[in-house]
Amino acid sequence: QVQLVESGGGLVQPGGSLRLSCAASGSFFSAYTMSWFRQAPGKQREFVAHMDRFGSTNYADSVKGRFTIDRDNAKNTVYLQMNSLKPEDTAAYYCRGYLSSANDYWGQGTQVIVSS
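The working numbering numbers the first residue of the sequence shown as 91 and each following residue consecutively.
The hints are simulated quantities; they were obtained by calculation from the structure and are not laboratory data. Among the hints, a few may not be true.
[Said to hold, decoys possible] Straight-line C-alpha distance at most 25 Å; calculated SDA-like pairs for lysine to any residue:
no., residue 1, residue 2
1, K176, Q103
2, K154, V102
3, K176, G98
4, K165, V204
5, K176, R143
6, K176, K165
7, K165, W196
8, K154, A192
9, K154, V204
10, K133, N163
11, K176, Q93
12, K133, T158
13, K154, S107
14, K133, Q198
15, K154, F118
16, K154, Q201
17, K165, P131
18, K176, S120
19, K154, T167
20, K176, L189
21, K165, A182
22, K133, K165
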């Protein structure tokens, strides 16, 4: 069983930056593909970024060049550095850890609000 706890959300002005963290409990963190998703009010949850166990990354087109995913396996933590934030980035951000269909875990989310 893995538990994921996100932190780092908050209110930021357009053009600003935030760094989200997702701390994982449990074993074999380094084997998991770690992802970030987000869900804006009234919209479906959407993919933001992921990093597999080899360090390969993938990003949604909407965040390429602005967001960076990283992980520290020694700390069982994955990060999402968000720069040049836009109002349309406002959403609840969720961390996901995936190893297999039987080992697929989500955090509770952290809210990001981009507003002046």
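Results for each hint:
1. K176 <-> Q103: 8 Å, holds
2. K154 <-> V102: 19 Å, holds
3. K176 <-> G98: It holds: about 17 Å lies between the C-alpha atoms, which stays within 25 Å.
4. K165 <-> V204: 28 Å, violated
5. K176 <-> R143: 30 Å, violated
6. K176 <-> K165: Since the Cα atoms of K176 and K165 sit roughly 30 Å apart, the hinted pair is violated (cutoff 25 Å).
7. K165 <-> W196: 18 Å, holds
8. K154 <-> A192: 30 Å, violated
9. K154 <-> V204: Holds: K154 and V204 sit about 18 Å apart, inside 25 Å.
10. K133 <-> N163: Roughly 32 Å between the alpha carbons, so the hint for K133 and N163 is violated.
11. K176 <-> Q93: At roughly 30 Å apart (the allowed maximum being 25 Å), Q93 and K176 break the hint.
12. K133 <-> T158: 23 Å, holds
13. K154 <-> S107: 15 Å, holds
14. K133 <-> Q198: Roughly 17 Å between the alpha carbons, so the hint for K133 and Q198 holds.
15. K154 <-> F118: The given pair, whose Cα atoms are some 28 Å apart, is violated under the 25 Å limit.
16. K154 <-> Q201: 20 Å, holds
17. K165 <-> P131: Status violated; Cα separation ~32 Å.
18. K176 <-> S120: Given that 25 Å is the threshold and the Cα spacing comes to 31 Å, the pair is violated.
19. K154 <-> T167: 21 Å, holds
20. K176 <-> L189: 32 Å, violated
21. K165 <-> A182: Given pair K165, A182 holds - Cα atoms ~23 Å apart, limit 25 Å.
22. K133 <-> K165: Status violated; Cα separation ~33 Å.
Hint compliance for this structure: hints 4, 5, 6, 8, 10, 11, 15, 17, 18, 20, 22 are broken, all remaining hints hold.
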